[in-house]
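Following the hints, position chain B with the ligands against chain A.
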Amino acid sequence: MKDIYLDNNATTKVDPAVVDMMIPYFLEQYGNPSSIHKFADGVAKGLKHARQQVQALIGCEHDSEIIFTSCGTESNSTAILSAIKAQPNKKEIITTTVEHPAILSVCDMLEKEGYTIHRMPVDKAGRLNLNAYKNLLSNNVAIVSVMWANNETGTIFPVEEMADMANAEGVMFHTDAVQAVGKIPMNLQYTKIDMLSLSGHKLHAPKGIGVLYLRRGTRYRALLRGGHQERGRRAGTENSASIVGLGKACELALEFIKYENTQVKAMRDRLERGLTDQIPHCFITGDIYNRLPNTTDIAFEYIEGESILMLLNKAGIAASSGSACTSGSLEPSHVMRAMDIPYTAAHGTIRFSFSRYNDMSEVDEVLRVMPGIVATLRKLSPYWDGNGPVADPEKAFAPVYA
Amino acid sequence: MWDYSDKVKEHFFNPKNAGAVVDANATGEVGSISCGDALRLTLKVDDDSEIILEAGFQTFGCGSAIASSSVLTEIIKGMTLDEAAKVTNQDIADQLEGLPPEKMHCSVMGREALQAAIANYRGEVWTDDHEEGALICKCFAIDAVMIEEMVWANKLRTVEDVTNFTKAGGGCASCHEDIEAILEKVLAEKGEKFDPTAAPVEAITKIAAVKAPLTNLQRIKKIEQVLESLRPALMADGGDVELVEVLGNTAYVNMTGACNGCQMAAMTIAGIQQRLMEVMGEFIKVVPASEMKKLVNIEVV
Ligand SMILES: Cc1ncc(COP(=O)(O)O)c(C=O)c1O
Ligand code: FES
Numbered sequence: 055m056k057d058i059y060l061d062n063n064a065t066t067k068v069d070p071a072v073v074d075m076m077i078p079y080f081l082e083q084y085g086n087p088s089s090i091h092k093f094a095d096g097v098a099k100g101l102k103h104a105r106q107q108v109q110a111l112i113g114c115e116h117d118s119e120i121i122f123t124s125c126g127t128e129s130n131s132t133a134i135l136s137a138i139k140a141q142p143n144k145k146e147i148i149t150t151t152v153e154h155p156a157i158l159s160v161c162d163m164l165e166k167e168g169y170t171i172h173r174m175p176v177d178k179a180g181r182l183n184l185n186a187y188k189n190l191l192s193n194n195v196a197i198v199s200v201m202w203a204n205n206e207t208g209t210i211f212p213v214e215e216m217a218d219m220a221n222a223e224g225v226m227f228h229t230d231a232v233q234a235v236g237k238i239p240m241n242l243q244y245t246k247i248d249m250l251s252l253s254g255h256k257l258h259a260p261k262g263i264g265v266l267y268l269r270r271g272t273r274y275r276a277l278l279r280g281g282h283q284e285r286g287r288r289a290g291t292e293n294s295a296s297i298v299g300l301g302k303a304c305e306l307a308l309e310f311i312k313y314e315n316t317q318v319k320a321m322r323d324r325l326e327r328g329l330t331d332q333i334p335h336c337f338i339t340g341d342i343y344n345r346l347p348n349t350t351d352i353a354f355e356y357i358e359g360e361s362i363l364m365l366l367n368k369a370g371i372a373a374s375s376g377s378a379c380t381s382g383s384l385e386p387s388h389v390m391r392a393m394d395i396p397y398t399a400a401h402g403t404i405r406f407s408f409s410r411y412n413d414m415s416e417v418d419e420v421l422r423v424m425p426g427i428v429a430t431l432r433k434l435s436p437y438w439d440g441n442g443p444v445a446d447p448e449k450a451f452a453p454v455y456a
Numbered sequence: 002m003w004d005y006s007d008k009v010k011e012h013f014f015n016p017k018n019a020g021a022v023v024d025a026n027a028t029g030e031v032g033s034i035s036c037g038d039a040l041r042l043t044l045k046v047d048d049d050s051e052i053i054l055e056a057g058f059q060t061f062g063c064g065s066a067i068a069s070s071s072v073l074t075e076i077i078k079g080m081t082l083d084e085a086a087k088v089t090n091q092d093i094a095d096q097l098e099g100l101p102p103e104k105m106h107c108s109v110m111g112r113e114a115l116q117a118a119i120a121n122y123r124g125e126v127w128t129d130d131h132e133e134g135a136l137i138c139k140c141f142a143i144d145a146v147m148i149e150e151m152v153w154a155n156k157l158r159t160v161e162d163v164t165n166f167t168k169a170g171g172g173c174a175s176c177h178e179d180i181e182a183i184l185e186k187v188l189a190e191k192g193e194k195f196d197p198t199a200a201p202v203e204a205i206t207k208i209a210a211v212k213a214p215l216t217n218l219q220r221i222k223k224i225e226q227v228l229e230s231l232r233p234a235l236m237a238d239g240g241d242v243e244l245v246e247v248l249g250n251t252a253y254v255n256m257t258g259a260c261n262g263c264q265m266a267a268m269t270i271a272g273i274q275q276r277l278m279e280v281m282g283e284f285i286k287v288v289p290a291s292e293m294k295k296l297v298n299i300e301v302v
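Protein sequences, first through last, are from chains A and B.
The numbering used here runs 54 ahead of the 1-based position in the first sequence.
The numbering used here runs 1 ahead of the 1-based position in the second sequence.
Only chain A is shown next, with the shape it has when bound in the complex (with noise of 0.2 Å):
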């Protein structure tokens, strides 16, 4: 069989049609698009059409509102620092625990500068409190910052209610948006949403491409300054090839979001209740109502996500872990730890992330090897004791030094 990628929430394949829209911007049309000659003249023409397809695809207003960046981290902080610009006398954010680093990075970074950081907490299936949300809106406010759906479990946040409430107190609203666009559909225009970003390299654009939606009328402060690209709002030669391979996947995204939220979704269900039913002491994390279709996040409790990510290469079958060890980190993921996820079990999530590309018969060769993987290290485990943990596994076993 041949190798099973359920990692697209990591990156995506690029789509060999958008492969195919950009080879001439690389062998052709190469000119800078400011120039006016031959090489160039039909590059603004690419470049103008690509913007109409992300519009399409987010259903904003105008087109101008489209801005191309080299990525989502550089649409974050590019939002985030712009409104503190734009409002220097608000100092203060409202963000979650769970965002990306792309976000919480950023935020760390200016909390040292002084600003006050809100990060609301979420409850054990990854939801927010609206009333708390609610509490925290006021005129001091610089933005809000709140994910659409979370890259790891797929929860999807309610941005378009909170933009809205955000919006009544007069405070600007930005969503993060990389993992949701072109997975659920969308129509910014009738939402209160002020800026979202999205990265190419999500929906099987490449990699190095990214947008920062910004609503007309919204105060910005540019991050990258220079020359006249994108009408001054993100200066540097236009990576011209990209976004007209961008614009193609986004138009695919378009003509495939309802395949995704029906196909995709259906392998999806069919894994994880496969393995929730065949593999005792596992569980589902995250909000199950209210999910990313293309994604499932399941807890495997006493092993750990290192080592059943390596079984699964060895399956020849790719997927992600939350655990601290794929990222040399000392403590497993973030989200998994605002969820208060048990570490017993935190340590071994698995990701697994599905797209149009994958088959069902890929869903049947997990649910084949999987099992034998589980068990195979629950073996290994001091938690584990033949068929099942050992009693009070946090007592039975509790190693020296923490």
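Possibly wrong hints are sitting among the right ones.
[What the hints assert, rightly or not] Result set (BS3-like, lysine-lysine): computed pairs, CA atoms no more than 25 Å apart in a straight line:
# : chain 1 : residue 1 : chain 2 : residue 2
1 : B       : K10       : A       : K433
2 : B       : K17       : A       : K368
3 : B       : K156      : B       : K186
4 : A       : K166      : B       : K156
5 : B       : K186      : A       : K368
[To be verified] Derived list of chain A stretches under chain B, where covered just means 3 residues or more per stretch with a C-beta under 8 Å from a C-beta of chain B:
# : stretch
6 : 394-401
7 : 421-435
Source of the hints: derived by calculation from the structure; they are not laboratory data.
None of these values were measured; they are calculated from a predicted model.
Just so it is clear, CB atoms sit at the ideal spot from N, CA and C, and this is done for glycine as well.
Chain B with the ligands alone, transformed into the frame defined by chain A:
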């Protein structure tokens, strides 16, 4: 994913001596569930000869934790307890043909489980002084706890000081921001403020030393004496140190045995350096001999 050696993969995919030894008479349990690595080592020791007849491991952890546990049991089977007590984490890492710096702690965990099991057999209580923080410097595998301790103990004030005392930050320099954050934190606890332009601790010591400068010969003799006095302690940990060269106030040493090349070696080097400075009353920098060529060239230029 990590660049694991073939040996690590071999022990991970086909672990040796997995599971608890039936009728074991020695058990060592170490690790930390919050960090995601924990190990129980069980041994069956022959009461007359003190030879380890059987060894088994149960490990909750990543690939290298399982591989370290597996290779450890292979190393110690057939050894006497006294021999086993000399096994170092470097021996474990060497048997695995090396571990990534982020994973060196897996081999340390192996050694500690072994120490704990031996203590358990002998009816002693094993305590460890092990405290581990987030890995700060990837080039030299130095963690936050160690840097904090050195900053406290030696009144360090700048990144350069930290590099001089721990090596952290002396490679690619990408950890300097994190080291500054630690300095800021510790200095704030002491009621001081971090000033990146502060004179290095080294310079202050140098001025003090000018009063009674040692000749180079005196200095070398003194260094030898100090190393001699430290040797028993090092050998107890399975290591040794050899003085290779003294250039100005820099002593180049060869660390052998225990921990050579890992976090512990840096700690040992820093410890030796501190002891030398205390005894000699002047700034002495202790550097692994492997660094000699690099540094000498820089000094000549
Ligand atoms: C939620 C989220 N935000 C931001 C990013 C970063 O995107 P990029 O890799 O394009 O910088 C990612 C990707 O890992 C993500 O999952
Ligand atoms: S990481 Fe510290 S010097 Fe390279």
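Unmet hints by their number, sorted upward, for this structure: Hint 5 contradicted; others consistent.
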